[in-house]
Amino acid sequence: MTERRSSAVLEAHIEEASYPSKRGVVKNSFFSGNGGELTLIAGPSGSGKTTLLLAITGVLKHLLQGRVVGKVNLAGINPLTEEDFIEVPRVVGAVMQDPDKQLAMPTPYDEVLFTLENLGLGDEERVWSVLREYGLEEHAFKPVEHLSGGQQRRLVIAAALAHDPEVVVLDEPTASLDPWGIKSLKETLKKLLDRGKTAVVVEHKLRYFLDTASRIYVIKNGVMSAEYSRNDLRSSNALRQLLMTGIDALPPEAHIHDARDVRRSGEAVVLVEGLACGYGDEAVLEDVDMEIRSGEVAVLVGPNGSGKTTLLKCIAGLLTPMDGRVRVCGEDPRHTNIRPRGRLAFYVPQIPDYVFVSSTVEGELGEVSRKVGVPVSEITHSAPWVKGALDQPPYRLSHGQRRWLALSIGLAYRPRALLLDEPTTGLDLRFMGELRRLLARATRAGAAVLIATHDPRLVAEVADRAFIVDSGRVREVGVVDALKYLEEPLRGS
Amino acid sequence: MTRSSIWRSRYAGREGSLDPAVLFVYGLALTLVLFIDRDALSLALIGVPNAFIGFALGWRKYKVLIALFLLGFAGLAINALLLTNVGPAVLVVGPLIVRAGAVNTFVTVGLRITGIAGVAFLFVSLVDPARTVRSLERELRLPKGVCFALAYALRLINLLSKDLREVQGARILRGYRSVPITPSDIKSVLTPLLSVGYERALWVGIAAELRGFRLRSVSKEPLRIGWREAIVLTLLALQILVALAGTLGYLQLVATYTPH
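Note that the protein sequences, when read in sequence, are chains W and B. Heads up: the first sequence is residues 1 to 493, going by this note's numbering. Heads up: the second sequence is residues 1001 to 1260, going by this note's numbering.
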C-alpha cells in the first residue's frame, strides 16, 4: 500500500464493513483519489467491491443498517456521520449496478429533472443538455420500460451526474453499454477529470479505463491486495498479474484464436426469412434473413435499442412476427407441438431472475430435473459452489451465479437453439470461463447458439459467425469485422 | 420546429392536462365513500360509472390487471356462499341453494370493489408519476416521502406488467402455464415478481437518497382549479351526496315511490 495522500479529495480507510447478516465483508481497505484522477477498483465477483462503494458513500451504514468502521473523507465531508450523509448527494454522483432497478421516474426527462429538482437546480435547459450529452434526447419522453438495457444504463449515469458533482462513483458502468455508450461515458469522465473532479470506478473490464486511470486497487476476499500506479499499468507484467488475479485487462484481440473456422456442415437449425418484428405497429427490424446451423455460435452486435432482444424473442416464439417467418428445425416456435417449448428454442433474458420458478436453488434444480429428466448432478457438476447455496433463494445469489443458474436451466432443456441476451454483463473472468464451457457443451450437443452482446471479449472468444443489427436491418459480417465494429468507436476516445 | 422544441411542446401539453392533486382528492374521497357506503343502490350509482370509465381508460395498458381483477369475482362468489348464505332462498341450482344473504353480500362487496378499482384505474390512467409527486407535494402539501412512494407505486404498475410478460415468456419455454391457475402456479409467478419488485424498491430508494431526495425543498403552490378540475370536484360532490342519500335511506324511498 502507498502512503496516505492527505490532500486527496477522496480518502477512505475502511477497517470493517459488513451487511447486518454478515460479518466483515470488507476489511482493512484503504484507497484515495485526488482531483482530476480516476481510481479503478477491480477484483473478482464477490470480492467486496460493491460493498466498499456502499460503505464509502454511507449507504451501507445509514440505509442498509450495515456496520462500517473506519474513516471516509469525500470532498470534505464524512458520509459515515448522519449529518454529513445528507450532504453526500451535493458532492457525489453515484451509480450502482442494475440500472433498471434505480430508475425512479417514468421517462428520461423526468429522471434527470428529479435529480436537479432535488438539489434545487431544476432547469429545463440543463435537463435537455444532459439528455443530449448522453444521446437520450430522442427518447426524452419514452417510458423507461421501453428503453433497452444499455439506454437505461446511460440514463442512470446521466441522472446521477446531472448536477456536476465533485466526486463520481460508478459501479460496473460499462455493463450492457454499447461501444458508443462507453465512448460517451469515457468522454464524460475525461471532461469531469479535466475539470478537476475525482472519479472512482468499479469495473471488470479494466481495458476501457487503462488509458484514463491514475491507479488501480485490487480487492480480493474483502481486502485490498494490490495497488498499481499509472506507470505500473504501462508494463505488460502488471497486466499479467491482474489477469492472474482473475481480472481482465487484456485487449480482446489477445483472445482471438484460429480454431473457430465457420463450420457449414451442420444442419440449419434457425432459419429466418424476410422477418419484420417489433411492438404494436412499430417495426423494430425489417427484412431479416439469417440461417444458423447446428454447432455454430453466432453473435448479434449493434447499438443499444437496435432490436437484438426483439430478434431473439421472435426466434424463441415469444413475439409474433409482423411479416416473414421464423423456423427452428423446420418448426414454427410459436405453434410447435414440442413440449416444453424450451426444447426447441430457449431464451435466457438479460435479467436472469425471470427464468426462476422456485424459491430455493434446490427447488429450482429439482423442477428442471423433473421437467426434462436430467439428473441434478449433471446440471451442477461444473459448479461446486451450488452445493453451498442449495437452500438459498435463487434471487439472492450473486450476479454471476444467477446468470450461471439461468443458463444451466436453459441448457438442461437441451434446446436446438439457445438464445442468450447479454450473458456476460457483470461477469468476471472466472464466470466467463464457466460460460465458455457451458457454450461448448451446448454446441457439442448440436445446438445452434445465438448471443446478443456488446462484449468484444465474448465475440473474440466464442463467435463462429457475427451479425450487425443496426438501423432496423441485420447483416452478416466476419467475426473480426464485428470486433472492429465494436472496437472502432473506442479507438479515438 | 426542432426535435427538442417538439418534445417541449409535448411536455407543455402534458402540463396543461388535469391536475393530479385534484384527481388524487377525487380518488381518495370516492374510495372512502365506497368503503363506508352500505347501500347497494348508491354503490351502484357511484361504482358502475366510475368502473366503466376507469376500465375503459385503463384497458389498453392494464388489461392483464383488469382481467385478474374480474377473475377475483369467482373468489368473491365463493366467499359469499361460504360465509353469508343465509335468509330466504333466491336461486336453486341442483344441490346448491343461493340465499338472499349471499346475493346481497356479492352485490354490495362486488359493487364496492369494482368502484374502488375503477377509481384506481381512472387515476393511474390519467396521471403520470413525476407530475403526481410535484402536484401532491406542492399543492396538497403531503410529505415528500409519501408523494414519492405513491408516485413510484404508480410507476410500479407498468413495471409489474413488463415483468409479468417476461416471467410468462420464461414459463412458456420451461413448460409451465403462463396464466397461473393453481396455488403453486400463483406462487411461482409471484415469487420472481416480488423478488424483482423488492430489489427495485430497495435500489430506487437508495438511488433517490444518493440523488438528494432528502435535500429536496418543496415550494408551495395553490391548488390549480381550472374548468376540468371544477367538473371533477362537482362530480365528486354529487357522488358524495348520492352516497349520503343512500346511507340515510332516501334513495330506497325514491325508488319505492317512483311510478313504474
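None of these hints come from the bench; they were simulated from the model. None of the values given here were measured: they were computed from a predicted structure. One thing to keep in mind: the hints can contain errors.
Result set (BS3-like, lysine-lysine): computed pairs, CA atoms no more than 25 Å apart in a straight line [stated by the list, open to error]:
1. 142(W) x 190(W)
2. 371(W) x 1061(B)
3. 220(W) x 313(W)
4. 142(W) x 1063(B)
5. 1061(B) x 142(W)
6. 1063(B) x 313(W)
7. 313(W) x 1162(B)
8. 71(W) x 220(W)
9. 387(W) x 371(W)
10. 1063(B) x 1144(B)
11. 142(W) x 1220(B)
12. 1061(B) x 313(W)
13. 1220(B) x 1063(B)
The following residues of chain W were derived to be distant from chain B, with all beta-carbon distances above 12 Å [as the list claims (entries may be wrong)]:
14. 118
15. 121
16. 214
17. 371
18. 444
Selected chain W positions facing chain B (Cβ under 7 Å, derived; list incomplete) [to be verified]:
19. 180
20. 279
21. 340
Glycine residues also receive a C-beta, built at the ideal position from the N, C-alpha and C atoms.
Looking at the structure, which of the earlier hints fail to hold? Per hint list: 1, 2, 3, 10, 11, 13, 14, 15, 17, 19 and 20 violated.
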